Amino acid sequence: MSILAVSVWRGGADGRFQTFTVPRLDAQTVLDVVTHIQRRLDPTLAYRFACRVGMCGSCAMTVNGQPRWTCRTHVANVEENGKLTIAPLAHLPIVRDLVTDMRAFFDKWARARGQFQPTKTRRDDVARVAPSSAARRAVDAAIECIGCGVCYAACDVVAWNPDYLGPAALNRAWTLVKDVRDGAGCERLAAVAGDAGCHACHTHESCSERCPMHLAPTASIAGLKRATALAVLRGDL
Amino acid sequence: MTISARGNRGHVAYWAFIVHRLSGLALALFLPLHFLVLGQALEGEAALDVFLRWTETPLVQASEIALVFLLAAHLTGGLRLLFVEFVGWRSEAQKMLIASAGGVAAFCALAFALNLM
Amino acid sequence: MSPGAETRLWLAQRASAVVLALCVVVHLVTMIAAVRGGLTAAEMLGRTRGSMMWATVYGLFVLAVSIHAPIGLRTVASEWLGWRGRTADAACVIVGVALLLLGARAILAVTL
Numbered sequence: 000m001s002i003l004a005v006s007v008w009r010g011g012a013d014g015r016f017q018t019f020t021v022p023r024l025d026a027q028t029v030l031d032v033v034t035h036i037q038r039r040l041d042p043t044l045a046y047r048f049a050c051r052v053g054m055c056g057s058c059a060m061t062v063n064g065q066p067r068w069t070c071r072t073h074v075a076n077v078e079e080n081g082k083l084t085i086a087p088l089a090h091l092p093i094v095r096d097l098v099t100d101m102r103a104f105f106d107k108w109a110r111a112r113g114q115f116q117p118t119k120t121r122r123d124d125v126a127r128v129a130p131s132s133a134a135r136r137a138v139d140a141a142i143e144c145i146g147c148g149v150c151y152a153a154c155d156v157v158a159w160n161p162d163y164l165g166p167a168a169l170n171r172a173w174t175l176v177k178d179v180r181d182g183a184g185c186e187r188l189a190a191v192a193g194d195a196g197c198h199a200c201h202t203h204e205s206c207s208e209r210c211p212m213h214l215a216p217t218a219s220i221a222g223l224k225r226a227t228a229l230a231v232l233r234g235d236l
Numbered sequence: 000m001t002i003s004a005r006g007n008r009g010h011v012a013y014w015a016f017i018v019h020r021l022s023g024l025a026l027a028l029f030l031p032l033h034f035l036v037l038g039q040a041l042e043g044e045a046a047l048d049v050f051l052r053w054t055e056t057p058l059v060q061a062s063e064i065a066l067v068f069l070l071a072a073h074l075t076g077g078l079r080l081l082f083v084e085f086v087g088w089r090s091e092a093q094k095m096l097i098a099s100a101g102g103v104a105a106f107c108a109l110a111f112a113l114n115l116m
Numbered sequence: 000m001s002p003g004a005e006t007r008l009w010l011a012q013r014a015s016a017v018v019l020a021l022c023v024v025v026h027l028v029t030m031i032a033a034v035r036g037g038l039t040a041a042e043m044l045g046r047t048r049g050s051m052m053w054a055t056v057y058g059l060f061v062l063a064v065s066i067h068a069p070i071g072l073r074t075v076a077s078e079w080l081g082w083r084g085r086t087a088d089a090a091c092v093i094v095g096v097a098l099l100l101l102g103a104r105a106i107l108a109v110t111l
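Chains as they are written, first to last, in numbering that gives the first Met the number 0: chain A, 0 to 236; chain B, 0 to 116; chain C, 0 to 111.
In short, the hints are calculated from the structure, not lab data. What you are looking at is a predicted structure, and each value in this text was computed from that prediction instead of being measured. Positions of the beta carbon are idealized from the N, C-alpha and C atoms, including for glycine. Don't take every hint at face value.
To be verified - Partial pick of chain B residues on the chain A-facing surface, computed with a CB cut under 10 Å: (1) Arg-8; (2) Gly-9; (3) Ala-15; (4) Arg-20; (5) Arg-79; (6) Leu-80; (7) Phe-85.
To be verified - Have a look at the derived ranges for each label pair, beta carbon to beta carbon: (8) A/Arg-15 to B/Leu-21: 29 to 39 Å; (9) B/Glu-42 to C/Ala-33: 17 to 27 Å; (10) C/Arg-85 to B/Arg-8: 24 to 34 Å; (11) A/Ala-133 to B/Ser-99: 25 to 35 Å; (12) C/Ser-1 to A/Cys-50: 41 to 51 Å; (13) B/Ala-92 to A/Leu-232: 18 to 28 Å; (14) C/Thr-29 to A/Arg-15: 53 to 63 Å; (15) C/Asp-88 to A/Thr-120: 41 to 51 Å; (16) C/Asp-88 to B/Pro-57: 38 to 48 Å; (17) B/Ala-25 to A/Ala-26: 45 to 55 Å.
Stated by the list, open to error - To list a few chain B residues with every Cβ distance to chain C over 12 Å, as calculated: (18) Val-18; (19) Leu-58; (20) Leu-96; (21) Ser-99.
Let the hints inform the model, and build the full structure from the sequences given.
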């Protein structure tokens with residue numbers, strides 16, 4: 000029976016890697032490995048998961064230096080000579096072991112005005128939005144984000160600029176900028192413009208490379224650059 | 000301290016960024032020197048010629064070729080960014096844009112190098 | 000700096016980039032065509048002395064670079080040195096003015 004030598008981050012920010020020996024199985028995912036460790040080897044290991052079928056994004060961790068959904072990462076695709084390194088997501092404070100504090104990620108989502116602002120009431124007619132319209136196609140291309148944090152963990156600018164809102168927050172803001180029903184217009188553009196916003200993106204495309212939903216936050220952020228530039232030229236910003 | 004994102008650096012767009020930023024830094028550092036040298040012409044042709052003779056050493060010539068490459072690379076990388084930001088995202092075009100940027104820059108450096116000899 | 004001001008900085012950098020793209024192409028072609036087996040002062044100055052055209056091209060070049068380079072350096076300083084705020088912005092302006100003055104001097108040196 001073959002085995003895996005798995006290095007797992009233990010503790011908080013001042014923690015260290017601990018190595019476990021885990022049996023190697025067919026069709027094994029990294030989440031299977033983490034689960035095995037916690038159930039059979041060390042019950043004190045802290046980690047997050049929920050659906051374990053690639054829908055919720057809760058199991059996102061850093062595997063061999065890259066942020067991934069562990070339930071959708073086959074060990075066969077990432078193990079290096081029988082070795083695996085598992086750490087919590089980058090750029091977020093570590094609560095314990097493989098669990099990060101996601102508050103900063105979601106606070107930035109709110110700071111980017113990533114919430115829909117309605118303009119109608121229940122007494123008005125339902126909004127008519129043609130799915131084939133350019134605006135709606137732009138929204139549809141970016142709307143499937145489930146807030147897993149992988150793009151945020153992949154982004155170097157997040158590491159270099161603590162105020163940077165990050166790819167997910169900006170991507171969501173873009174879907175609302177292009178949503179014809181939304182009423183937050185200029186306030187949202189002001190929220191996403193500047194050194195902490197879309198203008199800090201340098202098109203590394205790490206977010207688009209790593210996004211498990213195959214979204215392209217880089218494209219959304221480029222859209223925000225155009226929208227904010229137009230707003231400045233019109234005198235709205 | 001948080002975990003770093005060191006594993007996210009293998010893809011081509013990341014290297015395009017690194018080349019673009021480092022070339023920009025190098026050019027920004029070089030430019031004042033370039034202006035000062037050209038300003039030597041204020042002292043007359045002879046003063047400028049003294050400096051230009053010095054640039055005929057192999058090390059300086061190699062640096063000049065490198066600078067031409069860096070200038071062309073920064074230009075072509077910048078054009079790629081202008082395309083992505085203003086024309087929009089075409090995922091198939093991304094890698095092609097980066098590859099052509101690198102190719103044009105290398106061509107310029109080569110052309111300059113050949114003319115130098 | 001306000002989001003509007005930072006957006007304007009970004010726009011200025013991109014606009015100066017477009018001007019620079021044109022100037023750099025001219026400069027690269029000139030360099031590659033002109034430097035044949037080395038360059039002498041006479042060759043270079045023979046081309047630029049008394050030329051309104053070169054004064055204009057290089058004038059535009061220097062102006063655009065004095066806008067473009069400091070804004071880029073400001074970003075690098077912020078991200079790689081953690082240098083932000085008023086002192087960083089002031090340094091950025093100083094670099095821009097320095098490039099403008101040195102560049103103007105260089106243009107005068109080769110065109111007058």
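B/Arg-79 was flagged as interface toward chain A. Is the shortest Cβ-Cβ separation under 10 Å?
This interface hint holds because 8 Å falls under the 10 Å limit.
Against chain A, with CB atoms and a cut of 10 Å, does the hint on B/Phe-85 hold up?
Because about 7 Å separates B/Phe-85 from the closest Cβ in chain A, which is inside the 10 Å limit, the hint holds.
Kindly confirm whether 29 to 39 Å is satisfied by the beta carbon distance between A/Arg-15 and B/Leu-21.
Holds: the Cβ-Cβ distance is about 34 Å, inside 29 to 39 Å.
Given a hint of 25 to 35 Å, does the C-beta separation of A/Ala-133 and B/Ser-99 actually sit inside it?
Because 28 Å falls inside the window, the suggested range holds.
For B/Leu-58, is the shortest beta carbon distance to chain C beyond 12 Å?
holds (15 Å)
41 to 51 Å as the expected CB spacing between A/Cys-50 and C/Ser-1, which holds or is violated:
Once the Cβ atoms are compared, 42 Å apart, the range 41 to 51 Å for A/Cys-50 and C/Ser-1 holds.
Verify that the Cβ of B/Val-18 lies farther than 12 Å from every Cβ atom of chain C, and report whether the claim holds or is violated.
holds (14 Å)
Taking 38 to 48 Å as the hint, is the beta-carbon distance of C/Asp-88 and B/Pro-57 inside that range?
holds (42 Å)
So B/Ser-99 supposedly isn't at the interface. Is its beta-carbon more than 12 Å from every beta-carbon in chain C?
holds (15 Å)
Residue hint B/Gly-9, partner chain A, criterion CB-CB below 10 Å:
With Cβ-Cβ at 9 Å, under 10 Å, it holds.
Does the hinted range 18 to 28 Å hold for B/Ala-92 and A/Leu-232 at CB?
At 26 Å between Cβs, range holds.
Beta-carbon spacing of B/Ala-25 to A/Ala-26 - inside the hinted bounds 45 to 55 Å or not
At 49 Å between Cβs, range holds.
Consistency with the previously given hints is maintained throughout, with no hint failing.
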